[in-house]
Amino acid sequence: MSENKHDIAALKAGHRLLKEFRYEKRPVVRGYNMRTLYINVDTLEIREKPVSQEMKQKFVGGKGFDLKLLWDAITPQTRWDSPENEICIAFGPVCGNTSYPGSGKSLVTTISPQTEVPIDCNVGGHFGPYAKFSGWDAIELQGKAREEVIVSIDGNEGVVRIFTAPHEAIDSHVLAEQLHEMFANSDRELQHVSTVSAGTGADHTWIGCLNFSYWDKRRHGVRLKQAGRGGTGTVFRDKKIKALVVKFSGLNSALNQPQDLATLQQTGLKLHKEVITLDQSQCKMRSIGTAHLVEIMNDYDLLPVKNFQYGQHEEAAKLASWVWKDFFTQNVPDGCWFGCTMACAHAVDNFELRTGPYRGQKVTVDGPEYETVGGCGSNPAIFDPRAVIEINFYCDTYGIDTISFGTLTAFVMECYERGILNKERTGGLEMTWGNWEAALELMHQMARGEGFGLIAGKGIKYMQTYFAEHFGADYQFLWDIGVHGKGLEQSEYMSKESLAQQGGYYLANKGPQHDEAWLIFMDMVNNQIPTFEKKAEALHYFPMFRTWFGLQGLCKLPWNDVEPADNAKYPEPNKVPEHVANYLAIYTAITGEPLDGPGLILQSERVYNFQRVFNLRMGHGRRLDDHPPYRAMGPVTIEEYESRRDRYDKQLLEKQGIDPAGKTVEEKIALHRSYREKQYEGLLDAVFKRRGWTMDGVPTPAHLKAIGMDLPEVLEVVKPYQ
Amino acid sequence: MKHLKTDQEKCRGHLHCVSVCSKLYFKEDNPEKSAIWVVPGEGGKYTLIACTQCGECVAECPTMALTVNPQGVVMLNRALCIGCLACVGRCPIGAMRHVPGMATPFKCIACGACVKVCPEKALETVL
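Sequences listed follow chains X and H, in order.
Under the numbering used here, the first residue of the first sequence is numbered 893, with each subsequent residue one higher.
Under the numbering used here, the first residue of the second sequence is numbered 2, with each subsequent residue one higher.
This is chain H alone, in the form it adopts within the complex:
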């Protein structure tokens, strides 16, 4: 299944990935609106959170707005989503993202935009 593979050891917190992601999908440079989440930790370490395409959220969705595409990527059909956020509650790693007040959640679809801008090669799209 196609997904974004992260290597936290390599991350130095440049946040280029966050920036490119939110700009691509929300037309603004806003870490809240990035599908990849970079969480600073102790001693200059970072935790990277992005969808592993595990599919748990798909089972939770009451309108079947979440489906798995042929490449194995979990896709959200916004036309069907009624914004209940059950998927956000279900996601075991917090990768289904939501900004309070926004109608629907969003997630990483392994597009690879962030991979291209990471100077540390901490990100990789794998099949």
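Same shape as in the complex, but just chain X:
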């Protein structure tokens, strides 16, 4: 093995084995292990739990298994830092195949410090497939360790170990590298290791994320993909877990023991060819990745600028795709799991840091992805690409979610610009628009657990109350401009002019993340879903369809970030029918179970409703929890109205029949607000009806029965709300 960068012997000298658990290695059959791994880092109990046929049928896998395990592990009183709260990581039956692009995802679930309900994240890297082929359909981590520990799974030997780890780093870019070196016995084995870790930022904030690693053979270095949203890393670090490590050798295309390997391969090959030939003229995922969206969003007035006030900026070109293309190195396709020819995981190499504890070091930075550019670039008006890359790097290594950090930084900056905050209140940080040095210092404070960083690191919802109580700020105004739902900061698209997207964001079970539905073009640009009923149908189909990726261990991107050349000629091209057929084919090829379109939606609908009821069980999950802040719906301030005055005046006339002439801007804002809020209530009514829920947003027993999710414990939760 080539020379180590870290003194592995010294790190290992600090280890003390706390528990060793040997298990029988068994092959995966038709995509399932039919067992999960339970680990308690406090009591040191480790055991395997069987997966019943009922669990498989009702919850399918991935996020479904996560939620089922989490439900059984906690009570309605459990909060994020309760010892019984769990980090659940699951994989899904399709996960780990090397044939179809986007098949390497892990699903992470926990009770979020931000929302007090389950958060779920879909994350790449090699951990999921390696853990699955090591013998497990899901892993539960419960309890709080008494000292810093690492949990390792050796899938080659069939051993799980918990050991103390006093000397390893906490920040992920160092820790992941240490652990890859520690667990690999040869250069070749570096690619057989994967780690899960957080960072010092997750120690002190509620927006901590988890980094899932993979060894990049060409770069000879570690890459990190994030389970970003809702504080997964915060819970992980609260349990004093430094890392979870898996080692597995012997990957091949048949490890799921698929029923029909040939069909799996041929379906994957068809998509490989499609991606390789068409991506260049479509989304450019292979060369740029999701950052290709920046200029498109700016053109359509959808790129968040200055805390979602505006959707465009004259300096947006400084953050456009061609800028990132020049920064990205390697320039061969970069995938986060084998067989993903979409390969959108780009990186910047030899990036010299200008701030913080690693100042002067040259590092590899994963990304930036579109969300990071929107959140840490345009939204706080930081139009310096090097600053965005540096924020991206520190977010990752500190274990901080770039979306929450970006959105909350934009909120802090707006509060600063409007006088709600000042230098005294921020402890000297000059949080003016575009001040990237202040934004980075805010993040370094989060990592050090100091100053204003401790307040901001708890998220916008916490800050709203804090600013009102401590600084006498107007709570209603803070509520209007703080762009979060259920406590989770919104991701980086402007939803003001798309009612359907407001629903897509704020009805989402976990909070306003776009992975349930992205309907802006269908709704606002192409006007394909003009009525409440059509919007409700879209807000039924797409969230259910997209939930399915999380049940299977799949990535959403290869579904519609490339489309067959003739996609437009089919009915409902937005659903990308040929790709839906691919998913049905690979599911059946692996599991041997027949599945059709309605069956796919039904699998999702069961889990989706279960998650909704889970929210209810935790004291949320009702209509009142599904409302956006007004900033996400329309113009809050005079400046916002003026920036789109022609459009808003025209809407008053056309949609409400009100002549804007002679009205003050304040009057026009009020008229818009009353109209838009009423529209949103109409949307909720239509969606709840379509989803089989009461007008309070609670699934009815009849609907739960119809979809086969009428488990006694589920019915018991919804009963008082009927």
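Don't take each hint at face value.
[To be verified] Per the computed footprint, the stretches of chain X lying under chain H, defined by three or more beta-carbons under 8 Å from a beta-carbon of chain H, are:
1) 1134-1145
2) 1155-1162
3) 1165-1172
Source of the hints: derived by calculation from the structure; they are not laboratory data.
Using N, Cα and C, we set each Cβ at its ideal position, and we do this for glycine too.
Given the coordinates of chain X, work out where chain H should sit on it, guided by the hints.
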């Protein structure tokens, strides 16, 4: 770079090349398992497809199982291959071959076995 040069005009479709190739590498006479592909076309013409050693697949391989040897031939290390078939998808001429259900792909390494058996002299190994 060493590679198999084909002259399609000379091909008469005897398929001796296909036969010798599949027998040599897979121990069976099966056109599906030949690294050289003879595709019948109009008017007794044939299209011959074999790896040109262009190397595009090398860049695509996530495990670096594909490398270029000192003679310029793209070689597949089966011990490293995880069977994702990205290389098959990437190959611009369809010369990276795969039989559905088989764990790994295969390709022409310009060994010259087919050259010796072609009665029409349609094949040649060139450097």
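Per-stretch coverage check for the region 1155-1162 of chain X, three Cβ contacts closer than 8 Å to chain H: Coverage by chain H holds for the region 1155-1162 of chain X (5 residues, Cβ < 8 Å).
Chain H covers the region 1134-1145 of chain X, three or more CB atoms within 8 Å, holds or violated: With 3 residues close enough to chain H, the hint holds.
Outcome, coverage of the region 1165-1172 of chain X by chain H - at least 3 residues whose beta-carbon is closer than 8 Å to one in that chain: holds (count 3)
The structure is consistent with each of the numbered hints, conforming to all of them.
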